[in-house]
Amino acid sequence: MDKLIDGFSLGLFIWQLIFFLLILGGLAFFWKKILGAIETRESSIKDSLQAAEEAKAQVAQLKSSNEDALRQAKEERDAILKEARELKDKIVAEAKDKANEESDRIVANAREVIKNEKNAAVAELKNQVAALSIEIAEKIVKQELSSDDKQKALADTLVDDMNLN
Amino acid sequence: MRANFLKTLIILLIGLGGNVMASDSHDHDNHGGHESSMSEEDESALRKLLVKEYINHHLEDSHDFILFSTGNRQDGDEKHVGFALPVILFDGGIKMFMSSEFEHGEKVVEKGGNYYRLYHGKIYKTDEHGTIKHDHETGDITNDMPVDLSITKNVVFIFLILLLMYFMFRGMAKSYDKGGDLMPRGAGRFLEPIIIFIRDDVAIPNIGEKKYKKFMPYLLTVFFFIWIVNLFGLTPLGVNVTNSLAVTGCLALLTFVIMIASGNKNFWMHIFWMPGVPWPMKIVLAPIELIGLVIKPFSLMIRLFANITAGHIVLMSLMGMIIYNSWYGSGLTFLLTVVLVLIELMVAALQAYIFTMLSALYFGSAVEEHEHDHEHEHSVAH
Amino acid sequence: MDGIEFIPKLVGAGLVVIGVGIGIGKIGASAMEGIARQPEATNKIQTAMLIAAALIEGIGFAALFAV
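Chains as they are written, first to last, in this note's numbering: chain A, 298 to 462; chain B, 473 to 854; chain C, 104 to 170.
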């Protein structure tokens with residue numbers, strides 16, 4: 298121990314203290330710069346990694362959104378097609394209905410006309426028949442009514458006929 | 473990569489060779505003049521003494537910078553290759569002169585009416601003949617010692633290493649500006665992982681995410697300083713800065729001062745009035761905690777000093793065995809030395825790491841928040 | 104270091120070194136065991152091991168220098 302205390306050199310101690318404090322001051326700036334550079338680099342690496350991660354997520358999101366759009370478009374197309382088909386069916390049906398109606402109406406009209414014509418024809422026929430009948434009757438009457446008996450018998454049959462009618 | 477490895481290997485080999493070469497001069501001395509005239513016992517005693525002296529010389533600080541020596545002291549043709557360093561004495565006024573005036577302790581230097589002599593690496597105030605007075609009972613030297621603020625070998629190396637660190641980290645800091653990608657260039661590529669290691673494995677776990685930034689400059693400086701200094705200690709230059717208590721004591725003192733200065737209310741409360749124990753215990757605990765507080769930097773100082781010194785002593789002793797013992801032991805001791813140098817390389821980094829780690833631990837205890845917060849942090853960490 | 108008064112000091116230092124050796128050995132053994140059991144906690148265990156070993160080592164050195 299004595300040797301140790303003996304070996305302690307005050308001069309060396311003082312010089313070491315001075316030099317070391319000087320170098321501490323001298324290097325402080327460089328340490329700051331080196332540590333700062335290391336830190337900046339580390340944080341920039343961290344940031345780039347994070348940015349890459351984010352970009353990856355974004356791409357994934359974009360992809361999924363693209364898929365969504367595609368699916369939506371498909372759905373829309375299907376819907377449009379379906380609607381078109383429905384429309385077509387509806388139009389065809391409508392047209393059919395209309396045609397049916399028209400034809401029905403035409404037929405009805407025709408029937409009416411025919412009926413009317415028939416009625417008219419019947420009426421005319423009746424008239425003619427009546428006129429002819431009258432004519433015939435006249436002639437017959439003129440012929441028949443040459444005698445009284447015959448006139449009377451005729452009247453009777455006529456009356457019977459009328460009743461039968 | 474390969475080239476770098478080869479370079480490291482070559483530097484290592486030169487390092488070993490250099491140490492051996494430096495020791496060779498003594499070997500030469502020994503065999504040169506005395507083998508015939510001395511008995512075997514005397515010779516082995518002298519060898520032991522020389523090894524011991526050499527190790528001590530290697531471990532100690534000195535006032536001049538000797539790269540290697542040639543010749544023999546006894547024969548008077550000893551020559552030292554190196555250069556002198558300035559001596560600064562504070563003894564009733566500042567006195568400055570070159571250490572070459574001592575002529576390696578052989579001459580007495582007169583400055584301002586006082587006489588100084590370099591004796592075993594220390595400067596003493598003497599009379600004009602350079603008499604060193606010894607205490608009769610203990611054998612201690614009783615001469616006065618001036619306050620010695622000399623630029624010694626260690627001071628020069630501390631300065632050079634700090635200068636090296638300054639330019640190294642300035643270059644690294646600047647290299648981040650080039651290229652614009654915030655990547656270090658050159659040496660920074662090697663240093664950056666170490667800095668990140670200090671931040672993520674030393675500072676953040678011990679101090680905490682919130683407050684670690686304040687201490688980073690000190691922790692990084694201390695880590696790199698101790699590491700580089702320890703590595704230089706393994707080169708054949710013979711500088712062992714962390715071998716001196718003054719240096720490790722200074723570092724430990726700085727850690728202590730920073731710990732005290734950043735201690736919060738919670739920290740002081742745990743020392744003087746430990747919460748959660750009955751009051752008689754608080755009175756008992758206060759002095760224990762206070763002693764613990766002082767022991768912390770003390771153990772930091774001793775640990776670093778002792779590890780490096782012990783490592784060097786063992787290494788030098790093994791090398792001494794190569795030089796001063798018979799040839800057949802040399803192969804084994806050479807192998808042992810190589811292994812030990814590798815271990816010392818690891819210890820150099822390990823001690824720097826431990827010093828930094830413990831400093832961070834002490835800072836962490838000083839800025840620690842209340843118990844509740846601490847537990848919360850733990851649960852987050854798991 | 105000549106004279107009988109050094110013997111107790113040296114013996115004491117030797118005892119301290121033995122104690123420190125046992126202590127660090129136990130720490131190392133326990134750390135190994137812990138790492139083998141939980142390899143994912145290797146870093147934490149190593150750090151704690153180094154701190155504990157360093158503290159014991161400090162005591163050992165303090166005792167050695169008391170010689």
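What the hints contain is simulated information worked out from the structure, not anything from laboratory work. Since the model is a prediction, treat every value here as computed from it, not as a measurement. Be careful, since some hints might not be right.
What the hints assert, rightly or not - Derived pair list, reagent style SDA-like, types lysine to any residue, alpha-carbon separation capped at 20 Å:
#	chain 1	residue 1	chain 2	residue 2
1	B	Lys685	B	Glu664
2	B	Lys768	B	Glu681
3	B	Lys583	B	His606
4	B	Lys686	A	Thr337
5	B	Lys646	A	Trp328
6	A	Lys343	B	Lys686
Evaluation of the provided hints:
no. : hint                 : verdict
1   : B/Lys685 to B/Glu664 : holds (16 Å)
2   : B/Lys768 to B/Glu681 : violated (24 Å)
3   : B/Lys583 to B/His606 : violated (23 Å)
4   : B/Lys686 to A/Thr337 : holds (18 Å)
5   : B/Lys646 to A/Trp328 : holds (11 Å)
6   : A/Lys343 to B/Lys686 : violated (24 Å)
The structure shown violates the earlier hints numbered 2, 3 and 6.
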